[in-house]
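> Using the hints, position chain B with the ligands against chain A.
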Amino acid sequence: MRKTKDLAQLQAIARGVRRHIVEMTGAAKSGHPGGSLSAVETLVTLYFDVMNHDPANPRWADRDRFILSKGHAAPVLYAVMAECGYADTPVDQLNTLRKLGSVYQGHPDRRFIPSLEASTGSLGQGLSVAIGMGLAARLDGKAWRTYVVLGDGEIQEGQIWEAAMFGAFHKVDNVVAIVDYNRIQLDGFVKDIMELEPLADKWRAFGWQVVEPDGHDIASLQKAFAEAAATKGKPTVLIAHTIKGKGVSFMENNPKFHGVAPTPAEVEQALKELA
Amino acid sequence: MAAAGISMREAFGQALVGLAGSHPEMMVLDADVSASSRTVLFGKQYPDRFFNVGVAEANMIDIAAGMATCGLRPVVNTFALFITLKGADQVRNIVCYNNLPVVLAGTYAGLSDSFDGASHQSVLDVAIMRAMPNMTVVVPADNVEVRQALEAALRRDGPTYIRICRNPTPVLFEDAAPLEIGRIRKLRDGADLTIAVCGIPTYMAIEAAGRLAAAGISVDLLEVSTVKPIDEAALLESVRKTGKVLTVEEHTVVGGLGGAVAEILGRRAPARMDFVGVPDCFAESGPYMELLSKYGISTQEIESRARQLVEGVAA
Ligand SMILES: Cc1ncc(C[n+]2csc(CCOP(=O)(O)OP(=O)(O)O)c2C)c(N)n1
Ligand SMILES: [Mg+2]
Chain A
1 MRKTKDLAQL
11 QAIARGVRRH
21 IVEMTGAAKS
31 GHPGGSLSAV
41 ETLVTLYFDV
51 MNHDPANPRW
61 ADRDRFILSK
71 GHAAPVLYAV
81 MAECGYADTP
91 VDQLNTLRKL
101 GSVYQGHPDR
111 RFIPSLEAST
121 GSLGQGLSVA
131 IGMGLAARLD
141 GKAWRTYVVL
151 GDGEIQEGQI
161 WEAAMFGAFH
171 KVDNVVAIVD
181 YNRIQLDGFV
191 KDIMELEPLA
201 DKWRAFGWQV
211 VEPDGHDIAS
221 LQKAFAEAAA
231 TKGKPTVLIA
241 HTIKGKGVSF
251 MENNPKFHGV
261 APTPAEVEQA
271 LKELA
Chain B
276 MAAAGISMRE
286 AFGQALVGLA
296 GSHPEMMVLD
306 ADVSASSRTV
316 LFGKQYPDRF
326 FNVGVAEANM
336 IDIAAGMATC
346 GLRPVVNTFA
356 LFITLKGADQ
366 VRNIVCYNNL
376 PVVLAGTYAG
386 LSDSFDGASH
396 QSVLDVAIMR
406 AMPNMTVVVP
416 ADNVEVRQAL
426 EAALRRDGPT
436 YIRICRNPTP
446 VLFEDAAPLE
456 IGRIRKLRDG
466 ADLTIAVCGI
476 PTYMAIEAAG
486 RLAAAGISVD
496 LLEVSTVKPI
506 DEAALLESVR
516 KTGKVLTVEE
526 HTVVGGLGGA
536 VAEILGRRAP
546 ARMDFVGVPD
556 CFAESGPYME
566 LLSKYGISTQ
576 EIESRARQLV
586 EGVAA
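Residue numbers (my numbering), protein chains in the order written: chain A, 1 to 275; chain B, 276 to 590.
So that you can see chain A by itself, here it is in the shape it has in the complex (with noise of 0.2 Å):
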């Protein structure tokens, strides 16, 4: 696909996509609006900037991964990949999501859309399957590379450690983790429930390279995944410092929304926000 570099452009990309979340969450009448919001540029940088990949030709051999490893985000990547024009996620399904036989699940699902790297829902595991995809590919001696998204909840279960050890311990420098830093779980603030802090040292002790994009600032984002693309030896995490709910006033920074869809009014006002 060709690069958009353009921060307009892509700043653009993003509100459409922030409009789809909330109208495809409204519709459904359930799913998780506040962390798909959060994780927007995240993933409008990477499908339209920094991948190397060709919706045309979802298998090609050489595409660069990609993998949501907090796949209750599915919305974010569905609008994402609906605007790129994946055959599989077409932009006039999108207000199907979670309703019986839509190809857009309640989470990520490979059996409805081929175009996936992999089904998730499951926290934890993403980290691992990117670091096995690295493998393959350097294994292959191929140049293409994995980005697997993960929530900062998410990052409180052991098997990340473990992956995070496996990383740097095998140089898989063609992986790169990003934590979508919107310090808001399920349950609430991260810090109240099991604080991640200090977040950054604890990746470098595992033998990473840390950045720290701002999460909404497309810049920042691409100067990010330079600087990972640009490390040899050890694997990358961006650590995203980012707002759940970001770009509509009433969910910004509100753990209410990490899994409640917003009422027929909210969306009204919501899409208003986001015009």
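Bear in mind the hints are in silico, worked out from the structure with no lab data behind them.
Don't take each hint at face value.
Unchecked claim - Under the rule of at most 27 Å between Cα atoms (straight-line distance), these lysine-lysine pairs were calculated in the BS3-like manner:
| id | chain 1 | residue 1 | chain 2 | residue 2 |
| --- | --- | --- | --- | --- |
| 1 | A | 256 | B | 319 |
| 2 | A | 272 | A | 256 |
| 3 | A | 99 | B | 569 |
What follows is chain B with the ligands alone, placed relative to chain A:
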């Protein structure tokens, strides 16, 4: 039958609060789903006895195990799928191996986490829990039984798994004798066929048995709320009378109630059997009742499988 009132998970959350006073040794643990499991009710009232471990199910289960070795009575909560899969080794090699009095409350069980889709739906938990030595497996059919199951589990000396539905379901046992772990509840006397059911589909089996009776087929209807240890005597007595058994459960047909019944009958009283349950596949997102029906669990399905068994037609 109409589902009215609060959800089963809400009833369970309220039961935890209700039992807190009489069970000072009870502790409640959750893994970042307390708003969903409704243990948030307990956590708010008893913050000193509530631990939210974050998204870390395996850790939670072994912390509970440690508490249990010291005389506490931990109740561990998260989605049924994650207790039984993320915590499988912890449940088997610590909780069951040491025979510890830990209550494992698996919420959002069966297809009840319907909109989240296949990644969250738990239709194999009974099979897994049932295969663990020392484990007791209870599948309540309504809000009354879920409360009674918790009370009974807190009196036991070993581990107990309680399966909990996300949604409101019909209340069946308000005026009945309380649930007893290890005992089958006889819901209807009949001679033509035994239906053994557990969990949410119990109300469907009651409806189906009524329709079958109107058509001249009499059903011996057993509610098997304890899938392990199963009430062998009551099961054998029924099957020796009817010679045919239909099992009904909101679970894969691999290894759940159907498996438990078949294991006993194969040895003690071979009988014609059929199984109503989720086929061996991943389901999908959708409304709960529509999903149940699409994946083979409905009053109609029970009725037609029962007829085929009685009429000797191969299913
Ligand atoms: C193994 C596992 N445990 C529990 C859940 C239920 N769950 C879904 S989302 C979530 C909270 C995740 O928080 P976070 O990773 O911070 O996500 P975000 O804020 O990005 O939405 C939980 C506990 C799950 N999907 N998988
Ligand atoms: Mg978060």
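> Taking each numbered hint in turn, which are not upheld by the structure, reported in ascending numerical order?
Failing hints: none at all.
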